[in-house]
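Whatever position you read off the sequence shown (first residue = 1), add 440 for my numbering.
Among the clues, some could well be false.
[Claimed, not checked] Ranges between beta-carbon positions, derived for each pair:
id, residue 1, residue 2, range
1, THR617, LEU667, 19 to 25 Å
2, SER682, TRP552, 34 to 40 Å
3, SER472, LEU667, 21 to 27 Å
4, GLY534, LYS494, 35 to 41 Å
5, LYS666, ILE635, 29 to 35 Å
6, SER616, LYS505, 19 to 25 Å
7, LYS663, ARG518, 15 to 21 Å
8, GLY548, ILE593, 20 to 26 Å
[To be verified] Cross-link-like lysine-lysine pairs, in silico, BS3-like; alpha carbons within 30 Å at most:
id, residue 1, residue 2
9, LYS663, LYS494
10, LYS663, LYS643
11, LYS643, LYS666
12, LYS663, LYS531
13, LYS643, LYS677
14, LYS531, LYS643
15, LYS582, LYS663
16, LYS582, LYS662
17, LYS505, LYS494
18, LYS677, LYS666
19, LYS505, LYS677
20, LYS582, LYS643
21, LYS505, LYS582
22, LYS643, LYS505
For the record, the hints were derived by calculation from the structure and aren't laboratory data. Here the structure is a predicted model, which is why all the values come from computation and not from measurement. Every residue gets a Cβ at the ideal spot worked out from N, C-alpha and C, and that includes glycine.
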Amino acid sequence: MRHTATIAIESSKSSLVKPMPAKVAYNTSRVSPWLTSLFYPLGHYIVLPFYFGKIEITGQEHLPKDGPVILAPTHRSRWDALMMPYSTGQKVTGRDLRFMVTADEVKGVQGWFIRHLGGFPVDIKHPAVSSLRYGVELLLDKQMLVIFPEGGIFQDGEVHPLKAGLARLALQAELSTPGLGVKIVPMSIRYRPRIPRWRSHVKIAIGAPILVADYANGGSGKKEAKLLTAQLQMALKTLDDS
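Could you build all of it, start to finish, from the sequences and the hints given here?
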């Protein structure tokens, strides 16, 4: 198992409802129009169709065309990083994706490309407050985030227990601006065989959005985060079994 895009706001001692600080210019992460116009079509029209035998996508009608969104896919391969823009990005929704990735992935030349393709880092063992606030800021800016809630790559065909960080981040954004309308979209990505290889088949299932406001009942947020995480877990399991 490798750790990839995830978050870990795991402290149960602090309330989710905190004043938002001034905007955090987090490590020059941005979406470069010229880079995305080069790399995403390359993946969409050449790399993925050439390597994979069949890519089946269902549920794209569930993808919001605007407003703050967290895409929450299962994580089965490093190919998922290309499957996400292929199934949900500019060609489908007209929207750029902002990936939360591990700090180890944003080093050197690779890191430069990731940052300019909308990725921003978080240290999953010792998450900096600035990186987590930046995720909230992106939602306040009504952008579309990608967070893999299982916390790593798993290739055993099972949906693993989810980290609570995604729910905490979504709730903090919703509670800081009532009526914001944050939505979490569950997604299942499956490969046949489970470890992708030449001409593998891919099935991507997109579920109905979960409205974070339905779980934002105030208080410390611990109970709400637990309920929201459980709902997302159930939705992912249903999609994975479909």
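Hint check results:
The given range of 19 to 25 Å is respected by THR617 and LEU667, whose C-beta atoms sit roughly 21 Å from each other. Separated by about 38 Å at the C-beta atoms, SER682 and TRP552 satisfy the suggested range of 34 to 40 Å. Between SER472 and LEU667 the beta carbon distance is about 38 Å. The supplied range of 21 to 27 Å is therefore violated. Range check, GLY534 to LYS494: Cβ separation about 25 Å, and the 35 to 41 Å hint is violated.
The hinted window of 29 to 35 Å between LYS666 and ILE635 holds, with their beta carbons roughly 33 Å apart. SER616 and LYS505 have their C-beta atoms about 24 Å apart, which keeps the hinted 19 to 25 Å range intact. At about 35 Å, the beta-carbon gap between LYS663 and ARG518 misses the expected band of 15 to 21 Å. In this structure the supplied range 20 to 26 Å holds for GLY548 paired with ILE593, their Cβ-Cβ distance being about 21 Å.
For the suggested pair LYS663 and LYS494, the alpha carbons sit about 41 Å apart, so the restraint of at most 30 Å is broken. The straight-line distance between the Cα atoms of LYS663 and LYS643 is roughly 33 Å, outside the 30 Å bound, and the hint therefore fails. A C-alpha spacing of about 29 Å is found between LYS643 and LYS666, which places the hinted pair at or below 30 Å, so the restraint holds. About 38 Å separates the Cα atoms of LYS663 and LYS531, which puts this hinted pair outside 30 Å; it is violated.
Pair hint LYS643 plus LYS677 holds up; C-alpha atoms about 14 Å apart against a cutoff of 30 Å. Annotation: proposed proximity of LYS531 to LYS643 holds, straight-line Cα distance about 18 Å (limit 30 Å). Simply put, LYS582 and LYS663 have alpha-carbon atoms about 25 Å apart, close enough for the 30 Å limit, and the pair holds. Between LYS582 and LYS662, the direct Cα distance comes to roughly 24 Å. Compliance with the 30 Å bound is thereby established for this hinted pair.
As the CA atoms of LYS505 and LYS494 are separated by approximately 26 Å, the hinted pair is consistent with the 30 Å bound. A C-alpha spacing of about 16 Å is found between LYS677 and LYS666, which places the hinted pair at or below 30 Å, so the restraint holds. Among the hinted pairs, LYS505 with LYS677 is consistent with the structure: their alpha-carbon atoms are about 25 Å apart, no more than 30 Å. Proximity of LYS582 to LYS643 is assessed by CA-CA distance (about 28 Å); at most 30 Å being required, the pair is judged to hold.
With a CA separation close to 11 Å, the supplied pair LYS505 and LYS582 stays within the 30 Å bound. Distance restraint check for LYS643 and LYS505: the Cα-Cα separation of roughly 22 Å lies within the 30 Å cut-off, and the hinted pair is therefore satisfied.
The structure does not agree with the numbered hints 3, 4, 7, 9, 10 and 12 stated previously, though it agrees with the rest.
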